[in-house]
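Colleague: Each chain, letter by letter, is given below.
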Amino acid sequence: MKVAITAGEPNFEAKLEPRFGRCAYFLIVETETQDWKPMQNPAADAMGGAGPQAAQFLADQGVEAVISGEFGPNAYTALEAAGIRMFRTRVENISSLFEKFLTDQLEPISGPTSPQRHGGRRARG
Amino acid sequence: MIIAVASGKGGTGKTTVATSLALAISELSPIVLDCDVEAPNAHIFLQPEFDKRREVNIPIPKVDEKRCTGCGHCAEICQYHAIVSVADKVLVFPQLCHGCGSCTLQCPEKAITETPRPLGMLEAGPAKSGIRFARGVLNVGEPMAVPVIRELKQWQLVHDGAKVIIDAPPGTSCPVVESVRGADFVLLITEPTPFGLHDLRLAVTLTRELDLPAGVVINRDGVGDTGVIDYCQNSGLPILMRIPLERRIGEAISRGQTLVEAFPEYLPRFRQLYDQILSSSKNRADPVQTPNTETQPPSSIKARSP
Chain A
0 MKVAITAGEP
10 NFEAKLEPRF
20 GRCAYFLIVE
30 TETQDWKPMQ
40 NPAADAMGGA
50 GPQAAQFLAD
60 QGVEAVISGE
70 FGPNAYTALE
80 AAGIRMFRTR
90 VENISSLFEK
100 FLTDQLEPIS
110 GPTSPQRHGG
120 RRARG
Chain B
0 MIIAVASGKG
10 GTGKTTVATS
20 LALAISELSP
30 IVLDCDVEAP
40 NAHIFLQPEF
50 DKRREVNIPI
60 PKVDEKRCTG
70 CGHCAEICQY
80 HAIVSVADKV
90 LVFPQLCHGC
100 GSCTLQCPEK
110 AITETPRPLG
120 MLEAGPAKSG
130 IRFARGVLNV
140 GEPMAVPVIR
150 ELKQWQLVHD
160 GAKVIIDAPP
170 GTSCPVVESV
180 RGADFVLLIT
190 EPTPFGLHDL
200 RLAVTLTREL
210 DLPAGVVINR
220 DGVGDTGVID
230 YCQNSGLPIL
240 MRIPLERRIG
250 EAISRGQTLV
260 EAFPEYLPRF
270 RQLYDQILSS
280 SKNRADPVQT
290 PNTETQPPSS
300 IKARSP
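In order, the protein sequences belong to chains A and B.
Position 31 (the first sequence) corresponds to 30 in numbering that gives the first Met the number 0; numbering is contiguous.
Position 193 (the second sequence) corresponds to 192 in numbering that gives the first Met the number 0; numbering is contiguous.
Watch out, some of these pointers could steer you wrong.
[Stated by the list, open to error] Across the chosen pairs, the derived CB separations fall in these ranges: (1) A/GLY61 - B/ARG180: 39 to 49 angstroms; (2) A/VAL90 - B/PRO243: 19 to 29 angstroms; (3) B/HIS197 - A/LEU101: 24 to 34 angstroms; (4) A/LEU101 - B/PRO93: 18 to 28 angstroms; (5) A/GLU31 - B/PRO58: 42 to 52 angstroms; (6) A/ILE108 - B/GLY235: 27 to 37 angstroms; (7) B/LYS51 - A/ILE108: 15 to 25 angstroms; (8) A/GLN60 - B/ILE43: 31 to 41 angstroms.
[To be verified] Calculated lysine to aspartate or glutamate pairs in the EDC-like style (CA-CA distance at most 20 angstroms, straight line): (9) A/LYS14 - A/GLU79; (10) B/LYS88 - A/GLU91; (11) A/LYS14 - A/GLU69; (12) B/LYS127 - B/GLU108; (13) B/LYS88 - A/ASP34; (14) B/LYS88 - A/GLU69; (15) B/LYS127 - B/ASP210; (16) B/LYS65 - B/GLU108; (17) A/LYS36 - A/GLU79.
[Claimed, not checked] To spell it out: a stretch of chain A is covered by chain B in this simulated footprint if at least three of its residues, at any positions, have a beta carbon under 8 angstroms from a beta carbon of chain B; those stretches are: (18) 11 to 19; (19) 67 to 78; (20) 97 to 103.
Hints in this document: simulated from the structure, not taken from any laboratory.
Even glycine gets a Cβ: it sits at the ideal position worked out from N, Cα and C.
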């Protein structure tokens, strides 16, 4: 089974990047072999719709579970429709989070964990 | 003749200037468009009676699950990631959809139809002193202001000779660009403070990017520092008017009065401002524009110029 973990850099010993839609990388880990590879998140700099775009990307990769810090409503809806299980956690080393995932120590979520946002850097004066 | 009243900073007096400018040229039956659709408030000064209303919608996709094969083409082409195709399901995110119609046009199974999603409302009607007034009102919580502004401008700009005054939203983002686009002149309202200067620079960048002639009105003149004046002089921006910081002006506006109604001595100054705008925009070589009455200020205006 493929698991995606949100990361700020392509490094298995790095810390978790807590934002799902706008993380720089997904580390895709194969649970049987424990092989991992980094993939750039195509939605990292999206003007809007980062959550659905990132979810579409993971679904296209055949990912079945994702570990991150926050899941917005659009990301949650898209990931749930794709049948991808979501696990929310505090920021820790990715390698130790993967160990916790393997030993069922991470809690799956049953709803969005952060409010709707629009755009990456939106402000109004 | 389209004059857009804009600013980088909020609360500098755009609506104050736009409404008094309209009243000062009321013989020309100007049209005031309140394009600050997130928080329109020019109607409080001009008291229109709305007799025309129209809803603004954008078309969003609706997927016929019986015809959809889950090919994912719609999700691939959507620039706004408003549609995803996962596990043989297609999901639409209406608040992300810009209504471009690409998915509907390109679905190989013709499984997508469009359904309107309301974004807001347009309202129009006669206001004080023969002014015609129209505004857009964006629904609360709705992120997409641009289509409402675009339709407002298309709805009311009826004929070429119309004198249109646009009250733009603050800032320099898409709604501002949509509001000032196509204007003959942009009047930038600022205050002589470091905050006013900072945001004026942004607004000037926007007008230059759009290649629109601009001039400055300094509101609350007398406070702050000389930064705005120095900047205008150094960058060739004309300062067309200064409104002093006076308690009586603040009090009148706080009661919902327009500047020229509370202090009629400002009427000739606003007429002069209009004349200056006319001459600045006519000095500009613009081969696209067909010659109309704008090339010559109407004689009534000339007669009233001080």
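Colleague: With reference to the structure, classify each hint as holding or not holding.
Modeller: Status of the hints after comparison with the structure:
1. One distance hint, 39 to 49 angstroms for the beta-carbon pair A/GLY61 and B/ARG180, holds here, with the actual separation near 45 angstroms.
2. As the Cβ distance of A/VAL90 to B/PRO243 is approximately 54 angstroms, the hint placing it in 19 to 29 angstroms is violated.
3. In this structure the hint that B/HIS197 and A/LEU101 lie 24 to 34 angstroms apart at CB is violated, the actual value being about 52 angstroms.
4. Range check, A/LEU101 to B/PRO93: about 39 angstroms between beta-carbon atoms, so the 18 to 28 angstroms window is missed.
5. Between A/GLU31 and B/PRO58 the CB atoms are about 46 angstroms apart, so this pair conforms to the stated range of 42 to 52 angstroms.
6. The hinted range of 27 to 37 angstroms is not satisfied by A/ILE108 and B/GLY235, whose Cβ atoms lie roughly 57 angstroms apart.
7. Our hint of 15 to 25 angstroms for B/LYS51 and A/ILE108 is violated, since their Cβ atoms are close to 48 angstroms apart.
8. Between A/GLN60 and B/ILE43 the beta carbon distance is about 54 angstroms. The supplied range of 31 to 41 angstroms is therefore violated.
9. About 25 angstroms separates the Cα atoms of A/LYS14 and A/GLU79, which puts this hinted pair outside 20 angstroms; it is violated.
10. For the hint linking B/LYS88 to A/GLU91, the alpha-carbon distance of about 34 angstroms lies beyond 20 angstroms, and the restraint is violated.
11. Of the pairs offered as hints, the one joining A/LYS14 and A/GLU69 holds, with about 15 angstroms between alpha carbons and a cut-off of 20 angstroms not exceeded.
12. For the proposed pair B/LYS127 and B/GLU108, the alpha carbon gap of about 55 angstroms is over 20 angstroms, so the pair is violated.
13. For the hint pairing B/LYS88 with A/ASP34, the CA-to-CA distance comes to about 30 angstroms; that exceeds 20 angstroms, so the pair is violated.
14. Between B/LYS88 and A/GLU69 the CA atoms are separated by roughly 24 angstroms; this puts the pair beyond 20 angstroms, and the hint is violated.
15. Taken as a hint, the B/LYS127 and B/ASP210 pair is broken in the structure, with Cα atoms around 33 angstroms apart against an allowance of 20 angstroms.
16. A hinted pair counts as satisfied when its Cα atoms are at most 20 angstroms apart, and B/LYS65 with B/GLU108 qualifies at roughly 10 angstroms.
17. For the given pair, A/LYS36 sits about 24 angstroms from A/GLU79 by alpha-carbon distance, which is inconsistent with the 20 angstroms threshold.
18. Taking a C-beta to C-beta cut-off of 8 angstroms, the region 11 to 19 of chain A contributes 0 residues in contact with chain B, too few for the three needed, and the coverage statement is violated.
19. Residue count for the region 67 to 78 of chain A with a Cβ under 8 angstroms from a Cβ of chain B: 3. That meets the three needed, and the coverage hint holds.
20. Chain B is given as covering the region 97 to 103 of chain A, and this is violated because 0 residues of the stretch bring a CB closer than 8 angstroms to a CB of that chain, at least three being needed.
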